[in-house]
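Once you've looked at the hints, dock chain B against the given chain A.
Quick mapping for you: the protein sequence lines, in order, are chains A and B. Numbers 1 to 111, taken from this note's numbering, label the letters of the first sequence in order. Numbers 1 to 115, taken from this note's numbering, label the letters of the second sequence in order.
These aren't lab readings, by the way, just hints derived from the structure by calculation. Note that CB positions come from ideal geometry on N, CA and C, so glycine has one too.
Listed next, the stretches of chain B that the computed footprint assigns to chain A, with coverage defined by at least 3 CB atoms under 8 Å from CB atoms of chain A:
| no. | stretch |
| --- | --- |
| 1 | 37-43 |
| 2 | 100-107 |
Some, not all, of what chain B presents toward chain A, calculated at C-beta under 7 Å:
| no. | residue |
| --- | --- |
| 3 | Y48 |
| 4 | Q50 |
| 5 | L90 |
Covered by chain B, per the in silico footprint, the following chain A stretches (three or more residues, Cβ under 8 Å):
| no. | stretch |
| --- | --- |
| 6 | 25-33 |
| 7 | 42-48 |
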Amino acid sequence: SQQGEEDPQALSIQEGENATMNCSYKTSINNLQWYRQNSGRGLVHLILIRSNEREKHSGRLRVTLDTSKKSSSLLITASRAADTASYFCATDAGSGNKLIFGAGTRLAVHP
Amino acid sequence: DGGITQSPKYLFRKEGQNVTLSCEQNLNHDAMYWYRQDPGQGLRLIYYSQIVNDFQKGDIAEGYSVSREKKESFPLTVTSAQKNPTAFYLCASSPRAGGDTGELFFGEGSRLTVL
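Extracted from the complex, chain B is given alone in its bound form:
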């Protein structure tokens, strides 16, 4: 079935460690996104990519890094520079880049807890 797969679903990290969250899509979508959600809050945009080998910072990019080496993959690294990384991370994709932003398709999320 087509969709977006995020892994792992739950992740625990010690302070000072980097961690990478995986996001894979088989929808042949051009654009991919990473959002962060804190309890009872909305989604805040971390990074987004409209095409392979290109990505842009969102509103809260500090302490995060991404890569887009393949169309179907958009991994997010939470670095030790991120001061408050405990959150629910959501990856999404949309069919095309450019023009109006259409419907986003979301994965099931990865919950990161820093111990």
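With the rest of the complex left out, here is chain A:
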């Protein structure tokens, strides 16, 4: 069962532009996390936002969480070619210490 669904499935932008990815989920959560995956590699944790938080920043990343709409967004500002990767949201729904991942957004940043 997939808890999170990312939108869009793919995003293509130019360097310097901002990239926004969205994640919707179905049940109440303890926290929501964003991960990055370069092609053929493992995932790397980017940011964790708890259910009682509304916004969080880390460098060029900004994550928002709207629990009333069961949605989150990841904003990457001033994107770089090195940001090209797939981005996944994952939710902790409090059902046994595990994360459920969405299908991801493939981001391509062109020089």
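For chain B alone, kept in the frame of chain A given last:
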């Protein structure tokens, strides 16, 4: 350096053969996980373990088996009962079991191809 090591990186298997994927961590993490990723897809949870000698099925456990005899090791066996085993397998760990699930630390993955 601390981290998670998966081996082998690439593995080929004939139909009907069992194969075991290794996952070792030296982060002293309590919880460990196995996920499967198919091309262009998200991750699906196979098995997870919160403590030595205990593990739970995830969403797609059929055709897989695991063991957790040591804290640092969580091998995954893909059995002949798994009908479509060709996939990218990812192992992960997190510092503590119980409570909220925190950040997962991932290995670099093992790509299994059935010939």
